[in-house]
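Novice: Here's the letter readout for the chains.
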Amino acid sequence: MWFFDAVTSVFTTYTDEARMQYFRMGLGVACVLKFVMSLTHGGWNRLASGFTRHDLDRRHGSSRAAWVVACYRPVLCVRLAAALLLTAGVASKAAAMVVIAGLLFELMYEFRSNTVFLALMAGCLLVAGNLGDGLHVVHRMSDANTWAQFLVVLIVTDVYWNSAWQKTRSAHYMSGLLLAQYVHFTAQAQRKLPFREFYYPRLFLRWFGGGDAIAMQRWRKVALLVIVVEVALPIALSLPATRPYAIAAGISMHAAFLLLLPRQLLGFSLGTVSGYVAFVA
Amino acid sequence: MITWMNWVQAALTSLLVIRMVVVGFFQPVRGRLFCWAMFTRGSYITFTFTGYDDAGVRKTVDVLDMVSPHNPGVTPRRLERMAAYLELSLDHVSGEGALMDVAGTRAIRVERGCVVF
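Respectively, the protein sequence lines represent chains A and B.
Its first residue numbered 1, the first sequence is counted upward by one per residue in our numbering.
Its first residue numbered 1, the second sequence is counted upward by one per residue in our numbering.
Don't read these hints as lab results, they were simulated from the structure.
Some hints could be false.
DEER-style ranges, computed between Cβ atoms [claimed, not checked]: (1) B:Met1 x A:Ala255: 26 to 36 Å; (2) B:Leu15 x A:Phe111: 21 to 31 Å; (3) B:Val8 x A:Asn130: 18 to 28 Å; (4) B:Ala10 x A:Ala94: 26 to 36 Å; (5) B:Trp4 x A:Val228: 38 to 48 Å; (6) B:Trp7 x A:Trp67: 37 to 47 Å; (7) A:Pro262 x B:Val22: 30 to 40 Å.
Since the model is a prediction, treat every value here as computed from it, not as a measurement.
Using N, Cα and C, we set each Cβ at its ideal position, and we do this for glycine too.
Required output: the full structure, derived from the provided sequences and hints.
Specialist: Rendered as structure tokens:
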């Protein structure tokens, strides 16, 4: 496991520079999708009026809130352009800085942990020595990206283990009740939503959508399985023998997350899965 | 060769790890109600709150809500703020019964049309 060597050598271990270049592209795509999503479903007019605007005034005061509203649309456009440049590998570090600024700006009107996560992941790009140019990937062993790559591994591991820890502390989640309730009411409400977001196959609803004790029992097993996978993933990704299975399990788990909460988790899921490349030296 | 920059990296990494452990370990488990809003620009539409009582029986409650599709989840505090914005007291919530227990934190019930925190 290269990252233990990285620690003992104070980040002078050699790693393949291509890893961070692939990660840059993956994270760029994740940010592009997140930013496009924020423009759709009425996002362009989000701060014009309504509760979000009211909440903004309450938290920041009217003059600061007015500044946030004035910057809102330009920031949405600029950060999307920056994410596209980041993906394409044009002025990558400058683009990453704008992406981070755009993500931090979002925290002013909506705080989400996955926005903080994407900002941290993008921050790893700032300390990388070689992010590559364009879509061309250079395979060269050096210590230019070692620290940045180590930080990506650290953050992905923290996300999984912290998530597992939080879940085990929640009686609501551990009992299966949370997921049973969530799927049940979402299935009921999905047709009433003004924008189409969810699609639950009939077989899935028959097994998991009942909102009753049987569905809860089934979701309890799923809830435990998710915790086991989250704990095991960073370890399994680190070991060459188990890595392919870990990648398959991780992608499957994130695909399942997307089924439950597509809008909010698309960027997060792609960003996390992109981080898998950093587990290889 | 190890340079002073490598030691700076090591120090910053240590700080990050400490913050991750401290924040992650002591982070409170927060409950979340389930609420979806029929959201149209500038108009408020009665909406259904779905919950479960202590016996596991499903209850639906109509709530005036204005959650955007970007933020469908509602915490108890957010519900309070929404009610304040609507210039309604939470007594205006219609329905009867008990809403779900939220993540083992605070039970939220609806009794005679009033949300009880």
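Novice: Work down the list of hints and note, for each, if the structure agrees.
Specialist: Now for the hints, and whether the structure bears them out:
| no. | hint | result |
| --- | --- | --- |
| 1 | B:Met1 x A:Ala255: 26 to 36 Å | violated (45 Å) |
| 2 | B:Leu15 x A:Phe111: 21 to 31 Å | holds (22 Å) |
| 3 | B:Val8 x A:Asn130: 18 to 28 Å | holds (19 Å) |
| 4 | B:Ala10 x A:Ala94: 26 to 36 Å | holds (27 Å) |
| 5 | B:Trp4 x A:Val228: 38 to 48 Å | holds (43 Å) |
| 6 | B:Trp7 x A:Trp67: 37 to 47 Å | holds (40 Å) |
| 7 | A:Pro262 x B:Val22: 30 to 40 Å | holds (33 Å) |
Hint 1 alone, counting from the list given before, is not met by this structure.
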